[in-house]
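Each residue of the sequence shown is one higher than the last, beginning at 6 in my numbering.
In short, the hints are calculated from the structure, not lab data. Take these hints with a grain of salt, some might be off.
Capping the alpha-carbon separation at 20 Å, the derived lysine to aspartate or glutamate pairs in DMTMM-like fashion look like this [to be verified]:
#1 K263 to E273
#2 K180 to D191
#3 K193 to D178
#4 K193 to E183
#5 K198 to E183
#6 K118 to D178
#7 K198 to D178
#8 K198 to E273
Label-pair ranges, simulated between beta-carbon atoms [as the list claims (entries may be wrong)]:
#9 F190 to F147: 41 to 47 Å
#10 I54 to R278: 23 to 29 Å
#11 V65 to K40: 29 to 35 Å
#12 K274 to I124: 31 to 37 Å
#13 I50 to G83: 27 to 33 Å
Every residue gets a Cβ at the ideal spot worked out from N, C-alpha and C, and that includes glycine.
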Amino acid sequence: MQQLGQLNKMEKIPNAPRKEQGSILRRRRWKPVVKGLLLPVLALIVWEIAGTVGQINPTVLPTPHVIAEEFYNLARSGELYLHLRISLWRALLGFLLGGSVGFVLGLWSGFSKYAEKQIDPSIQMLRTIPSLAITPLFILWFGFGEWSKILLIALGAFFPVYVNTFLGIRSVDAKLFEVARILEFDRKSLITKLIVPSALPNILLGIRLSMGAAWLGLVVAEMMGSSAGMGFLIMDARYFSITSLVFVGILVFAIVGKLTDSLVKLLEKRLLRWRDSFLGENL
Numbered sequence: 006m007q008q009l010g011q012l013n014k015m016e017k018i019p020n021a022p023r024k025e026q027g028s029i030l031r032r033r034r035w036k037p038v039v040k041g042l043l044l045p046v047l048a049l050i051v052w053e054i055a056g057t058v059g060q061i062n063p064t065v066l067p068t069p070h071v072i073a074e075e076f077y078n079l080a081r082s083g084e085l086y087l088h089l090r091i092s093l094w095r096a097l098l099g100f101l102l103g104g105s106v107g108f109v110l111g112l113w114s115g116f117s118k119y120a121e122k123q124i125d126p127s128i129q130m131l132r133t134i135p136s137l138a139i140t141p142l143f144i145l146w147f148g149f150g151e152w153s154k155i156l157l158i159a160l161g162a163f164f165p166v167y168v169n170t171f172l173g174i175r176s177v178d179a180k181l182f183e184v185a186r187i188l189e190f191d192r193k194s195l196i197t198k199l200i201v202p203s204a205l206p207n208i209l210l211g212i213r214l215s216m217g218a219a220w221l222g223l224v225v226a227e228m229m230g231s232s233a234g235m236g237f238l239i240m241d242a243r244y245f246s247i248t249s250l251v252f253v254g255i256l257v258f259a260i261v262g263k264l265t266d267s268l269v270k271l272l273e274k275r276l277l278r279w280r281d282s283f284l285g286e287n288l
């Protein structure tokens with residue numbers, strides 16, 4: 006009966022006035038957003054009440070309104086914009102450098118068995134080494150300057166793009182190559198019209214993961230001898246035990262990370278319109 010009622014609602018929309026149709030579509034668009042915000046808002050309310058009645062130590066875990074005040078004061082002074090701009094620039098350069106190299110090497114090893122045998126074992130070995138273990142070497146080799154920070158971010162951004170590009174190319178259905186051979190595709194058409202479009206979902210997934218890895222690498226990079234940036238701001242706040250400022254830095258990382266991830270998801274939606282895949286059920 007519930008499904009029948011939903012079908013009746015869907016049938017009524019085309020016959021409804023244009024203004025009413027717009028309001029119905031807006032309500033449907035905002036409904037998932039409201040559902041997604043329900044749990045975080047409830048958690049914030051419980052957190053605020055527990056902190057106000059003294060159940061939580063404010064030094065260890067300040068209340069949301071204290072964190073919001075810290076965020077406002079930092080934004081009004083312009084200090085937040087200064088640190089965020091520097092961090093965004095470092096993350097962007099590191100992501101572009103590491104992602105582009107990972108994409109090229111992923112294409113090369115994906116197309117060539119010879120390249121796979123030569124470079125893939127070394128890359129897979131390097132991928133398992135934690136960034137914190139490599140950080141002292143980067144300091145010894147490149148010092149505390151910007152170049153060492155960008156390279157450390159690029160290293161983290163490299164592996165997700167490489168692995169997913171390689172996997173995407175090797176996951177192309179072999180039957181499609183037979184069709185391409187029948188249609189007499191040349192090498193350029195084979196790559197641009199068959200292999201890359203088929204591997205695109207994996208490549209975009211690699212870009213999403215690479216952006217997240219770039220943010221993780223940014224925190225590590227800015228904690229090694231940096232004098233500006235969100236990572237430096239968090240370390241400085243930790244040194245002076247300003248917990249609310251630490252939470253502001255974490256909040257900024259979360260917001261910017263979510264925005265960049267949503268940007269790639271929007272790109273996926275536009276580039277992968279042809280894909281007919283399972284989108285989940287309304288349970």
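- Message: For K193 and D178, compute the direct alpha-carbon distance and say whether it is at most 20 Å.
- Response: 18 Å, holds
- Query: Between K198 and E183, does the CA-CA distance stay at or below 20 Å?
  - Reply: 14 Å, holds
- Is the hinted pair K118 and D178 satisfied, with a Cα-Cα distance of at most 20 Å? Between K118 and D178 the Cα gap is close to 17 Å, so the pair holds against 20 Å.
- Message: If I claimed the Cβ atoms of F190 and F147 lie 41 to 47 Å apart, would that claim hold in this structure?
- Response: Holds, at about 45 Å.
- Query: When you take the CB atoms of I50 and G83, is the distance between them in 27 to 33 Å?
  - Reply: 31 Å, holds
- Straight-line Cα separation of K198 and E273 no greater than 20 Å? 18 Å, holds
- Using the beta carbons of I54 and R278, state whether their distance is inside 23 to 29 Å or not. Hint violated: Cβ distance 46 Å, outside 23 to 29 Å.
- Message: K193 and E183 were given as a pair; does the straight-line alpha-carbon distance stay at or below 20 Å?
- Response: 16 Å, holds
- Is the Cα-Cα distance between K198 and D178 20 Å or less? It holds: about 14 Å lies between the C-alpha atoms, which stays within 20 Å.
- Regarding V65 and K40, is the given constraint of 29 to 35 Å on their beta-carbon distance met? At 31 Å between Cβs, range holds.
- Message: Would the hint linking K263 and E273 be met if the CA-CA limit is 20 Å?
- Response: Answer holds: K263 to E273 is near 15 Å, not above 20 Å.
- 20 Å Cα cutoff - pair K180, D191: Answer holds: K180 to D191 is near 17 Å, not above 20 Å.
Comparing the model with each numbered hint stated earlier shows that hint 10 is the single one that does not hold.
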